[in-house]
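K.L.:
Protein chains in written order, with this note's numbering: chain A, 1 to 382; chain B, 1 to 265; chain C, 1 to 411; chain D, 1 to 261.
For the record, the hints were derived by calculation from the structure and aren't laboratory data. Ideal Cβ positions, reconstructed from N, Cα and C, are used throughout, including at glycine. Some hints here could point you the wrong way.
[As the list claims (entries may be wrong)] Taking lysine-lysine and the BS3-like style, the derived pairs with C-alpha atoms no more than 27 Å apart in a straight line are: (1) C:Lys105 <-> C:Lys63; (2) A:Lys31 <-> B:Lys230; (3) C:Lys105 <-> C:Lys71; (4) D:Lys127 <-> A:Lys360; (5) B:Lys179 <-> A:Lys360; (6) D:Lys225 <-> C:Lys63.
[Unchecked claim] FRET-style restraints, in silico, Cβ to Cβ: (7) C:Ala144 <-> B:Gly206: 25 to 31 Å; (8) B:Arg154 <-> A:Arg227: 56 to 62 Å; (9) B:Leu177 <-> C:Gly101: 54 to 60 Å.
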Amino acid sequence: MPNPLEAIVERCRRASIQEDVLSWKRTTGGKAVGCFPVYVPEEILHAGEILPVGIQGGGGIDTDLADSRIQSFVCSIARSTLELGLRRDLDALDGMVFPNICDVSKNLAGVWRRNFPDRKVEYVHLPQNPESAYAEEYLRAEFGRLRESFAELAGRPISYESLRESLAVFNRNRRSIQDLYRLRVEKPWAVTAAETHLLVRAGRFLPKEVHTSLVEEGTVAAEASSRRRRDGLRVVIEGAFCEQPPVEWLETLEQAGCLIVDDDLQIGRRWFDRDVETGGDPLAALARAYLRTSPSASIRHGDEISRSQALVARVRRSRAQGVIFAAAKFCEPALFDYPILRAALEREGIPYLTFEFEEKMSVFESVRSQVETFVEASLFFA
Amino acid sequence: MLVAGVDVGSTATKAAVVGEDRRVLGRGLVSTGANVVRAAESAFRQALEAAGNEEWEISHTVGTGYGRYRVPFGNSQVTEIACHAKGAHYFFPDTRTIIDIGGQDTKGIRVGASGEVLDFVMNDKCAAGTGRFLDAAATTLGIGIDEIGPLSLRAQLQLRITNVCAVFVESEIMSHLAKGRRVDDILRGVHLAIAGRSIALVRRIGIENEVTFTGGVSRNPGMVSAIEEKLSTRLNVSPDSQFTGAIGAALFALEKVEHDVRAGH
Amino acid sequence: MKHQGVGRDLQKQLMAGWYRELAEGEGPVAYLFISGNVVELLRAFGFRVVYPEVNALQCGVRKVAGDLILKAEDQGYSSDVCGYVKNDIGLVASGNVGPFGKLPKPDLLLCTYSGCATYLKWFEALAEIYRVPLVMLDVPYLRAEEPDPHAVRYVAGQLQELVAVCERISGKRLSRERLSEILDRSRRAEDLWMEILDSCSGTPSPFDAFFEAVFFMAPIYVLRGTEDCVRYYESALAEIRERLEHRIGPVEGERHRIVLEGPPPWPHFRAFWDLFKKWGVCCVSSTYCRVGGIWDRGFRHDPSRPFESIAEYAVRCYTNLSLESRRRFMREQLERFRAEALVIHSVKSCRVFSVGQADTRDYFSRERSVPTLFLESDLADPRYFSEAQMRNRIDAFFEAQEHLRKGVPCS
Amino acid sequence: MYVLGIDLGSRTCHAVIVDPDGSVAGRSAVPVTADLPGTARRAEAAVERSVSDLYVAATGFGRYQVLFRDIAITDITSHAFGARSLFPDASCVLDIGAQTSRAMRYREDGRVERFKINDKCAAGAGKFLERVARAMELPLDEIGELSRRSKDPVTISSICAVLAESEIINHVTQGRAVEDILMGAHLSIADRVVALLRQVGIRGEIALTGAVSRNAGMVAALERKVGQPVRVSSDSEYAGAIGAALLARKRLRMMSHEYSS
């Protein structure tokens, strides 16, 4: 009989804007808004009964239209997202939200306003100075601004009550994903990185409630699965927080002898490491959560501990034997952190391997042999 | 009265001799090779012989192309962008857009009703997607550069080539061969990849009909069909397309002479 | 012509003096960025201020950037990230000694977010090296023409917090009088600088608002708030008036007036200018000479509103404007200075400038039928500049402009 | 036990036999044809040997096409280990191939600590030389010697191999001396591969493996860029095959040790 996990993963693999977002809109008559990575306060959209849709890039499509608007030195996700828009493949989205994760995303908001004047385009500025006593009041006001803007799009006010309910829905969704990751650390062979990636990614297109139950069922199925224990080099992936590597790239890593026990793929899907308070002023609660409980990421400044300390801690926590840096080609936030993180790993004597990926990658031989080399180092020199 | 144009490109050097009646009387074509000056002279001589004339009868010569400042007998220089516009307009008066794919440059030119340049774009400092990419693909497959175009037309299925870098195309082609893909399908993919890249570039200035395809690569039927498929429009391609720049240069020479005559000196 | 070149020479002296002061002077050291900077506040505490961007461009002009960038790439910096940052990292690796002399270590890294997100990664890297406080002055990007009130409150609040940090590091209390004196000197210099930029409306333009301005602008960004800065612009303005009177322009026989968007290719600055000079091109306005701040729309530092005006300056600098607002600014400049064309220099290093420039080009060439030339290279990395390709594009563009005028493009 | 190391590369297939005490007992090199498994067979047949029972270790990009292999090892691991046996004082290896170049740094025991593969614009070093030779109408194996006569090499700024080639044509048209252009070409490659080497961190001596190690001009250019001698050996081209064989031998011993204890 087929492993129920695989069936669920297959369902998730098929999740897409064309399929799921359109059918959701047909059945509910509601609106949908695209959210550019890494973090956008989707709870506010959800509270307005707007479907938050995670922008995922184009997965290696030809970008003939976008190439005439985006220079050759810009990352795939900016390029392929614009391509989808220009092809009218994002018409299901009534609006877009771009956060200040990098200079590309900042300007993309303006590019979007010019090319899609009939859509709502929001730019949200998330504080880079969380230490400031004024940051919370600012972010609360910024979220308040979004609340009004989305209420206008939804054609209905967004009440605090509905916001509190949405916070709870998202808390549960994040918890389900964190449970899945906990299982990965204990039994990485029970659910592969590629499967986890697909399970989490589906949350970009499906209603949160539906997605949560898929992830919960998937985790249960994985725990129950009778898959053979596999040996391999336990590694952590770092640097793939925004644009996502091709699924085939992840599979290549695992086939070549790695057990991926932790990663920052889809980090925006599990942005807070604990529940957001659901009592009191929901916008203030969300603002505090962003300022105090966000994970360490290249696109956010102001953590108590440095990014290097955070990475080393992740390696220790997941009992990993090495780190695989995976930066999207041209991704400045990831590429700028790399030398600093690398130095820290060397101080700690943690082996690492470095890759740059892009959506259009189609040949994985070089990736495979580099990973094999990385694994051989421990195989021949125990 | 005769005038001439010499177009010194990175791979080939072309020359054209034109008469007062704007008729093309002679053409010359040599590969640029190691010595630009020699190439310019021999192409020029070829054209003169074809026109049945001697050098001293030429009243004005315009040099164009990368080597335009090294044409020793050139009276003046014009960039190949203006010359291609002029030449294409000469062949096809209603053309408004020109796509020119050369050895290491891809250009898009928007031209006005009288063949003047309204706007243009060129590829950035990366040779990806230029004629050189076709050479690399041909070498990798061990097929002559003139054969790949016709061969690509026999393709049966759409195959995507994602990497348009001339350095990396080899590994991508190799992996397709390893998967047992057919050579003509691969070549079709190669041509479509360059077509897509070139069109993306030209879109920056807006593509208006009629579209004329010039430059060395325009002689490749596979490239013509690939661009036509991607643009879903017919392309003007002159049998003289390789001489577009040289003929344009000669026409500028003619205008110059006429202008000077009018100006009375 | 007694005033010819004074601006240039005096500027060289001032900058040399400033670098000497950095090397030998007294007082705490702050590293600061150019765009929307709050140097007046630091000056009030007697900080010596180092601008890593200025050091990077100096290395570019003096042709040492290439090697420094390679030094940084040896440390693992990608070939695809900002060349300014790599230049600076390479400089640190070489003992912080550049063509301009030795740079002091920082006591404070003050990062203003109004330039770009890369500023942040830049100072995070320096903080790793120097282990000194990194203070983030978070400036929200202007979504619309006007800043949100909550954004202004946020910036002003952070400035108050910054004062406390400066007092701690410098051991001095903030003197309001001193701050307003400094702001007054800033305002005076800004008035003079604007008068110089406005002179470009003359024909011929007495001044090149890009190729000359990038040197003339140094004091307004680096020495703003000092008496030297004011004196500099007084004599620079005198030179400009002299030029106006004798109808002298930066190029022999001005033929083309353009507005230029984007930073210069520092390692090839001369070669780049010559390619334009050849065609009698004068740049009558540029966005790059407003990269630190914009005064054209009436803003001035204001002693009577010290913190508000410092915050406003930070929020409204060019790189912090939305693309629409930048396009509107270029449109105003094209009209005001009667320019015939827009030239966009798109650099790989600086995404905050580059992303969206293809739309800007499309907007001006198609919607406003302003002839627009799009050039691509880099501001710091010499590897991305190909003179042959540049010449081809620039020649072709002005050839076409000439052709439209006189019908015969032969040079 | 005797071990056969076989390195199935893109141009040539090298094979060596290593005897029980770890010294090379036989070599062969055959050109690679479209039939990779057949090529491997021919290479194996071409090695003179006294024994028939062999443990086979395959490496190189075609390692999985060596159908009679006992173990497959990547080129980087085997090149590093081979270099260690060929160059006792080295701890860095450069392997310049037709398309990809690699720099590796290894510990005393031969374990690869860091490696960097050239997979960006600057790739295609070997192929670049082939094209330069063609552009200058010279045989490939002469350009190295010729370049060493250069007094004033040209500078080639482009990082793109294709545009670098057109820069070279530019120099040719400007009538620069052949040897200066050739040295310029070698130096531009040296620039790119030495950058790889610096990224893995230079320590101890540097060894050069792969076919390009026969090119004296390349060696000179590398030494000039890195400012220290670059070691080559007549066996440089066999480094991969030797390394694979010795690693297999090591692995066999580790296992037999595990079983005996």
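K.L.:
Work down the list of hints and note, for each, if the structure agrees.
P.N.:
Each hint, compared with the structure:
no.: 1; hint: C:Lys105 <-> C:Lys63; result: 24 Å, holds
no.: 2; hint: A:Lys31 <-> B:Lys230; result: 34 Å, violated
no.: 3; hint: C:Lys105 <-> C:Lys71; result: 20 Å, holds
no.: 4; hint: D:Lys127 <-> A:Lys360; result: 24 Å, holds
no.: 5; hint: B:Lys179 <-> A:Lys360; result: 18 Å, holds
no.: 6; hint: D:Lys225 <-> C:Lys63; result: 19 Å, holds
no.: 7; hint: C:Ala144 <-> B:Gly206: 25 to 31 Å; result: 29 Å, holds
no.: 8; hint: B:Arg154 <-> A:Arg227: 56 to 62 Å; result: 47 Å, violated
no.: 9; hint: B:Leu177 <-> C:Gly101: 54 to 60 Å; result: 59 Å, holds
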